[in-house]
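Peer 1: Next come the chains, spelled out residue by residue.
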Amino acid sequence: MSTAADERNARAPWALTAPALMLFVGVLLIPLAMTVMLSFHDWGQYKGIEPVFILKNWHEIATDPYYAEMFWRTFRIAILTTLLTALLGAPEAYILNRMSGRWKSFFLLIILGPLLISVVARTLGWALLFGGNNGLVNKLLMSAGVIRSPIPFMFTETGMVVALAHVMMPFMVLSVWAALQRLNPQIENAAMSLGAGPVTIIRRIIMPQIVPGVLSGAIIVFSLSASAFATPAIIGGRRLKVAATLAYDEFLNTLNWPLGAAVATLLLVALVLIVVGSNALIERRYAEVFR
Amino acid sequence: MAYLELDRVAKQFGAQTVVDDFSLSVGKGEFISFLGPSGCGKTTTLQMIAGFLDPTRGAIRLEGKDLTAIHPAKRGLGIVFQSYALFPHMTAAENVAFGLEMRNVPRAERAERVRAALAMVGLAGYEDRHPRRMSGGQQQRVALARALVIKPSVLLLDEPLSNLDAKLREEMQIELRQIQRTIGTTTILVTHDQNEAMSLSDRIVVMSQGRIEQIGSPQETYEKPASAFVSQFLGKTNDFAATIDRTATPVRLVAGSWNAPAPAGLSGPVTVSIRPERIGFGDVGLGAKIVTRIFQGNHWLFQCDSECGPAIVIRQNDGTAPPAEGDAVRLVWRPEDMSVRARAGA
Chain A
106 MSTAADERNA RAPWALTAPA LMLFVGVLLI PLAMTVMLSF HDWGQYKGIE
156 PVFILKNWHE IATDPYYAEM FWRTFRIAIL TTLLTALLGA PEAYILNRMS
206 GRWKSFFLLI ILGPLLISVV ARTLGWALLF GGNNGLVNKL LMSAGVIRSP
256 IPFMFTETGM VVALAHVMMP FMVLSVWAAL QRLNPQIENA AMSLGAGPVT
306 IIRRIIMPQI VPGVLSGAII VFSLSASAFA TPAIIGGRRL KVAATLAYDE
356 FLNTLNWPLG AAVATLLLVA LVLIVVGSNA LIERRYAEVF R
Chain B
900 MAYLELDRVA KQFGAQTVVD DFSLSVGKGE FISFLGPSGC GKTTTLQMIA
950 GFLDPTRGAI RLEGKDLTAI HPAKRGLGIV FQSYALFPHM TAAENVAFGL
1000 EMRNVPRAER AERVRAALAM VGLAGYEDRH PRRMSGGQQQ RVALARALVI
1050 KPSVLLLDEP LSNLDAKLRE EMQIELRQIQ RTIGTTTILV THDQNEAMSL
1100 SDRIVVMSQG RIEQIGSPQE TYEKPASAFV SQFLGKTNDF AATIDRTATP
1150 VRLVAGSWNA PAPAGLSGPV TVSIRPERIG FGDVGLGAKI VTRIFQGNHW
1200 LFQCDSECGP AIVIRQNDGT APPAEGDAVR LVWRPEDMSV RARAGA
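Those protein sequences? They're chains A and B, same order as listed. Quick note on our numbering: the first sequence kicks off at 106 and runs consecutively. Quick note on our numbering: the second sequence kicks off at 900 and runs consecutively.
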């Protein structure tokens, strides 16, 4: 065996992936590294950005409760949004999966709808529906007798969760649907023939099998909600900031780029840890059953 | 006495009739096969017994009680699906225990019955395996144990062996028959495999295009096929065009240079069917030339070109020298080995 040929073979994968790798390095890794570097720079009202290495920004984030509140709010909204999409999305996917062909594609389009509309237009639409005490949603709920007095939606976390859940729903539905497609089509009949009623079938047979789908959907929804910008910016406004809008404001309003970079970096690190951690947990938990 | 009775059952999907006029009475402990090509309505019939489909017309009775009025979950039938449909998130033991749990069988008794059921299908020690970590044959056994542990009044098997390889399938056939004999559960098997139907069943229901072609023991359906469809579907057969010559006395049945006394009640053009293993080589008979000769170990297979069209002959490898390819031969058979039907459209 010639070692030269082996060497060439070993180099071939690198050579073939080089163009994509360079693009990846150029547009993702370098800017990311620069952002991380930026978070260690100094900034002053009159002196601007000073390329020195200090922990001022990180110290400020760690000690000022303002930032802690911001991050808690971000993750609280993300968690509530994830729960809401799971609670509504999983049954939605199940019903969708049982529909006949034509209705299925029609309702799938409706579910995918939020993704087809511009994020700003969609969120402003929600703002119109929510709008103050006379918003359409409040009027509807009150006339239906669900609530007595109007719920404040605009500039509240409730409003943000509702609007975010709307746009995140497709990710949950599609991911649960994918799990449902892997179900044996006879499995419900099998359970029924053994004496199980409809509720037992869903609880004991269907649910355990779509849990991995719900969890992977939850990871997508959680990370997208935690880093969402447009919806919190419009529904939450300037008062109710989340991590993404905070970073934006530091960059473009205060012009304190280093502090904004620190916020963005922290959000990224936190998200990566949460997503990787929960993914590892899910894979270990379901490795035996689902491959 | 009929245990399970299907009375003129029919199923329509829209304008399409999938099963029509299906009447059958099954005795207690009997092993019945529904045999037919895909799309003949056998699975549809099974699903109507199981309750996953409602018959359009007709009645299904179990011990005289109307079965169609009972919800599928309450029918107490054991079903083994073609794809097994095991619960992938449960272990083998949990799968088998599910039906007992639904019947509120106490925990201790449940454990004992699950253990016994798994042991019966040869899976003792596999209690804690998940289905995905078992082979196809093992999954099949779990499915069988799951269906049998509830002591079903009728066991329904929907092509249970079709996903197994040939050797395993044969083993499972023998085992299935033994288990069924031991516990005596009335069993209905749906299959498109004639060998499977013949080796397992007490009676075979041969179906084609939603209708019953013949009901009979494996031997009856093989040796006395009621229609051309049955004779062709159950094993290989030779169909020769023949005529009944009424000018001769006594009246004779003539196929090429072969002839025999004609059976009563038929005249004009007829079709003569003979199984390939019932044809021999002789000195007088149907003239033929051997086209190909295939050695298959315990027997020889000859493809011949006869006066009445292509013919297949199977001869046991008994050590005598077989005719060679290209040889001119005479095909002979005993009149009682053939079945004669009036030729349609002639």
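Quick caveat, the hints were computed from the structure, so don't treat them as lab data. Please note that a few of the clues may not be correct.
Unchecked claim - Listed next, the in silico SDA-like pairs over lysine to any residue satisfying Cα-Cα at most 25 Å (straight line):
#1 Lys-973(B) x Thr-1084(B)
#2 Lys-973(B) x Pro-313(A)
#3 Lys-1050(B) x Ile-292(A)
#4 Lys-973(B) x Arg-203(A)
#5 Lys-1123(B) x Thr-1084(B)
#6 Lys-973(B) x Leu-288(A)
#7 Lys-209(A) x Phe-912(B)
Stated by the list, open to error - To give a feel for the contact side, a few chain B residues facing chain A, derived at Cβ under 7 Å:
#8 Tyr-902
#9 Ala-968
#10 Ile-969
#11 Ala-972
#12 Ser-982
#13 His-988
#14 Phe-997
#15 Pro-1005
Ideal Cβ positions, reconstructed from N, Cα and C, are used throughout, including at glycine.
Peer 1: Each hint should be assessed against the structure and marked as holding or not.
Peer 2: Cross-check of the supplied hints:
Between Lys-973(B) and Thr-1084(B), the direct Cα distance comes to roughly 18 Å. Compliance with the 25 Å bound is thereby established for this hinted pair. Distance restraint check for Lys-973(B) and Pro-313(A): the Cα-Cα separation of roughly 24 Å lies within the 25 Å cut-off, and the hinted pair is therefore satisfied. Between Lys-1050(B) and Ile-292(A), the direct Cα distance comes to roughly 20 Å. Compliance with the 25 Å bound is thereby established for this hinted pair. With a C-alpha separation of about 23 Å, the suggested pair Lys-973(B) and Arg-203(A) falls inside the 25 Å cut-off, and the hint holds.
With a C-alpha separation of about 28 Å, the suggested pairing of Lys-1123(B) with Thr-1084(B) is violated against the 25 Å cut-off. Among the hinted pairs, Lys-973(B) with Leu-288(A) is consistent with the structure: their alpha-carbon atoms are about 24 Å apart, no more than 25 Å. Straight-line distance between C-alpha atoms of Lys-209(A) and Phe-912(B) comes to about 21 Å, which keeps the hinted pair within the 25 Å bound. Because the smallest distance between the Cβ of Tyr-902(B) and any Cβ of chain A comes to about 19 Å, over 7 Å, the interface hint for this residue is violated.
The beta carbon of Ala-968(B) comes no nearer than 16 Å to any beta carbon in chain A, farther than 7 Å, and the hint placing it at the interface is violated. Taken as an interface hint, Ile-969(B) does not check out: its beta carbon lies about 12 Å from the nearest beta carbon of chain A, beyond 7 Å. Using the Cβ-Cβ criterion of 7 Å, the hint placing Ala-972(B) at the interface with chain A is satisfied: the shortest such distance is roughly 5 Å. The criterion of a C-beta within 7 Å of any C-beta in chain A is met by Ser-982(B), whose closest approach is roughly 6 Å, and the hint holds.
Contact between His-988(B) and chain A, as hinted, is supported at the beta carbon level, the nearest pair being about 4 Å apart and thus within 7 Å. Because the beta carbon of Phe-997(B) sits about 5 Å from the nearest beta carbon in chain A, less than 7 Å, this interface hint is met. Given the 7 Å rule on beta carbons, the hint for Pro-1005(B) is violated: about 16 Å separates it from the nearest Cβ of chain A.
In this structure, the hints that do not hold are numbers 5, 8, 9, 10, 15, in rising order.
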